[in-house]
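Enquirer: As a plain string of letters, each chain reads:
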Amino acid sequence: MEPPNSASIDPAPNPPDGEPRSGSLIFSLDQASAGQPLRIVQLTDTTSAANATRLGLIEGAVLHCVATIPGGPVVIKLGGMELAIGRSLCQTILVSVNTP
Amino acid sequence: MNPPPSSAETSNPTNPYLCYSSRFLTHLGKEPKGPVDVKEVLALAGNPNVGKSVVFNFLTGLYTNVSNFPGTTVDIPQGHLSDQRLLKDTPGVYGLSDFSEEETVAKQTILAADKVINVVSAASLERDLFLTQQIIDYQKPLVVVLNLMDEAHRQGITIDCEALESALGVPVIPAVATQGLGLDKVLTTTDVARVGHPTPDVPATAQGVTELEGQPVQQLHVYGQRRRYINALVNRVVQHQTPNQQHWSESLGKLFLNPLVGVITGLSVLMLLYQVVGVWIAGDLVDLIEGKLMLGVVIPWIQSWVQAVVPHPSPLYTILAGEFGVLTMSVQYIFGVLFPIILGFYIYVSLLEDCGYLPRIAVLCDSLLCKIGLNGRAVIPIILGFGCVTMATVSTRVLTSQRERTIASTILAVTIPCSAQIAVIVGLMGKVGGFLPWCLFLGVLVVVLTILGTILNKLLPGKSSSLLLDLPPIRVPILKNVLQKTWVRTVVFLKEASPLFMLGSLLVSISMVTGLLDFVEGLLAPVTVHFLKLPEKTAEIFIMGMVRRDFGAAGLYMMAHQLTQLQIITALITITLFVPCIASATVIWKERGLLESTAIILGSWVIAFGVGGVVATILTPFV
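Top line first, the protein sequences correspond to chains A and B.
Per the working numbering, numbering through the first sequence is continuous, rising by one, with the last residue being 134.
Per the working numbering, numbering through the second sequence is continuous, rising by one, with the last residue being 618.
Chain A on its own, in the form it takes in the complex (with noise of 0.2 Å):
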């Protein structure tokens, strides 16, 4: 499937559009930027879904944006763990900005 959002990798904290991001908004995982509270909304890809899962990569799961490699994997924060997620697989995972 392909990533909802296709502009390109910007690390500034807001979008290239220049609109801060709301909790509705669903974009895949390597639009995040750095610092960000996410939700997981939806794994597309099912055949890596099943080693994410173990890793606690599921739908509702609370993470956090720790760094963005330009064109590089984005490393997140998750119970505890630090994870870095290939920037091909990032762009099946479609997540929220996690409003408390």
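Derived from the structure by calculation, the hints contain no laboratory data.
Backbone N, C-alpha and C fix where the C-beta goes; we use that ideal spot for every residue, glycine too.
Please note that the accuracy of each hint is not assured.
The following residues of chain A were derived to be distant from chain B, with all beta-carbon distances above 10 Å [to be verified]:
| id | residue |
| --- | --- |
| 1 | 59 |
| 2 | 60 |
| 3 | 71 |
| 4 | 75 |
| 5 | 78 |
| 6 | 103 |
| 7 | 114 |
| 8 | 121 |
A short, non-exhaustive set of chain A residues, derived as facing chain B with CB atoms under 10 Å [unchecked claim]:
| id | residue |
| --- | --- |
| 9 | 80 |
| 10 | 95 |
| 11 | 105 |
| 12 | 107 |
| 13 | 115 |
| 14 | 116 |
| 15 | 118 |
| 16 | 119 |
| 17 | 120 |
| 18 | 123 |
| 19 | 126 |
| 20 | 128 |
| 21 | 131 |
| 22 | 134 |
Since chain A is already given, all that's left is putting chain B on it; use the hints.
Expert: Chain B in isolation, oriented as in the chain A frame:
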């Protein structure tokens, strides 16, 4: 049977260290129990980087690999707990699936065991308990060692061990394995190992779980159920307070992920590696050991022994103790060259690994490696390749798919110069001098690597896996662990490579005696003279490079005064790209099979002479 450990001893969340006592008592306490002929097999299971190997070492007295990079323990070390009880270590895995070769090995070992000791990290309980719960669902009697209590405490994590014990339904032992705290309880507690409470709605038989998890759709469903069950359980027993200030290791870990800092530290690490392994060890130390000790003392001694049994000028003598002899060159190369280089390299890499830096390099390199069909994990074999290609080829086992292993092995064999070679290359480039020749030489290697990787990525069927890598915290490495790990790795590698190398020198010696080597040299000479525009004698150097990569480069060094700048660069490029040495060729053959290894080796011939010829042809008019 021992009574169950009292909860005051094992499960006090505020003071996990109450149960501390000398490790020697543990060993005294593990007297054989029950009939002598009964053998009980225990498996040690856990996620990567939870201190599993430290626990294994403590329990068996035999040291194994303690790794900070996920996925470096491939073999199954085992040790006796007593005459009838055997403990088997398993690779660190996140669950009992078949997502990689290592997982299959871990799964089979764990499911075949009578009881399981499961080491979990108190600092990442949510992640670790998936495996625990899966082992419970498979109906294995289990003991949980709740390790890294100190790290959890530092991160403001409080675990109610009593509640955890009753929620899981298995004994839980809090521990700080690196300090030996709590580990003396482990063995006695295995006597009361229990099958815990299975995940609700999952069939309560091992066979039922196996069947269910064998089908992808059901597997995902069961994993989801188990994951949610564990998350809820962790919420009940773990309390999390945000620590007042960020620990230095977290800040440092984040800093290493910054691309600019990453490039600077990465380059410094490589420069230092070059200085230590390339210059001091592969250069100075090898000169000393190989030149003085081996050629001066050991080899003449071996030759005198062989002469006593075998007539001196005879084909058999050449095979046994000649220039490339099985008894002479193997010994000279394995102990004089390989051993110091491998040892030095493994110390360096183990240090990087244990401080948690290596996985972060993997993260930074991921996007580049994705372009050639690999992912960040492949930096390990590539860095090792600058030490010894043979060693690096073995380490491609950390890669997840066969596709990635093929690409990595090919790139290693063709484009990466090993430290023995680098030392000579640097010396020769020093003779040529200047910035431009260096750029030309490195540029050609990078271009070949990129094109080769891209082509393989396009040609090979399937799709390479995306990076999913757990980053261990930055830690101060424990020197003892680093040294022991280095030693184990070096010995394991030499044990594996030595017979292959002896086989290699046997083949070369036979080719020499039968005249095959001269024949190949004769075939090569026209290509060398007309296409590469090099003197005829360089063909001999290329053949020597096949025997030992650094021999080839060293032979070139000796005749450098007869060559022009361009000829030196052409010859260096050709010799770097040319077939890997006989030791790595045999390892490639063992790891990748006959067909693939033949393709890699023939391919490297074509690439080496092709690229060398193109460089010579294009540049000749400009010189």
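Enquirer: Each hint: holds or not?
Expert: Hint check:
The beta carbon of residue 59(A) sits about 24 Å from the closest Cβ of chain B, which is more than 10 Å, so the claim that it is off the interface holds. At roughly 20 Å, the least C-beta separation between residue 60(A) and chain B is larger than 10 Å, which holds for a residue marked as non-interface. Distance to chain B confirms residue 71(A) as a non-interface residue, since its nearest Cβ pair spans about 13 Å, more than 10 Å. Against chain B, the non-interface label of residue 75(A) holds: every CB pair exceeds 10 Å, the least being about 15 Å.
At roughly 13 Å from the closest C-beta of chain B, the C-beta of residue 78(A) stays outside 10 Å, upholding its exclusion from the interface. Listed as a non-interface residue, residue 103(A) fails to keep its Cβ farther than 10 Å from every Cβ of chain B; the least gap is roughly 6 Å. Look at residue 114(A): its CB is around 4 Å from the nearest CB on chain B, not clear of 10 Å, so calling it non-interface is violated. The claim that residue 121(A) is not at the interface with chain B is violated, since a C-beta of that chain comes within 10 Å of its own (minimum 7 Å).
Interface hint at residue 80(A): satisfied, since its Cβ lies 7 Å from the closest Cβ of chain B, which is below the 10 Å cut-off. Interface hint status for residue 95(A): upheld, as the beta-carbon distance to the closest one in chain B is roughly 8 Å, under 10 Å. With its C-beta approaching chain B no nearer than about 4 Å, residue 105(A) sits inside the 10 Å limit, and its interface hint holds. Annotation: residue 107(A) was flagged as interfacial toward chain B, and the flag holds, the nearest CB pair being 5 Å apart, inside 10 Å.
A distance limit of 10 Å between C-beta atoms decides the matter here; for residue 115(A) the minimum to chain B is near 4 Å, and the interface restraint holds. Given the 10 Å rule on beta carbons, the hint for residue 116(A) holds: about 4 Å separates it from the nearest Cβ of chain B. The restraint placing residue 118(A) at the interface with chain B holds, with a minimum CB-CB distance near 4 Å, inside the 10 Å limit. For residue 119(A), the interface hint holds, the least distance from its beta-carbon to any beta-carbon of chain B being 6 Å, beneath 10 Å.
The beta carbon of residue 120(A) comes within 3 Å of a beta carbon in chain B, closer than 10 Å, and the hint placing it at the interface holds. For residue 123(A), the interface hint holds, the least distance from its beta-carbon to any beta-carbon of chain B being 4 Å, beneath 10 Å. The beta carbon of residue 126(A) is positioned within 10 Å of a beta carbon in chain B (closest approach about 9 Å), and the interface hint is therefore held. Checking residue 128(A) against chain B: minimum C-beta separation of about 16 Å lies over 10 Å; hint violated.
At its closest, the beta carbon of residue 131(A) sits 20 Å from a beta carbon of chain B; the interface hint therefore is violated under the 10 Å criterion. Annotation: interface hint on residue 134(A) violated; nearest CB of chain B at approximately 14 Å, more than 10 Å.
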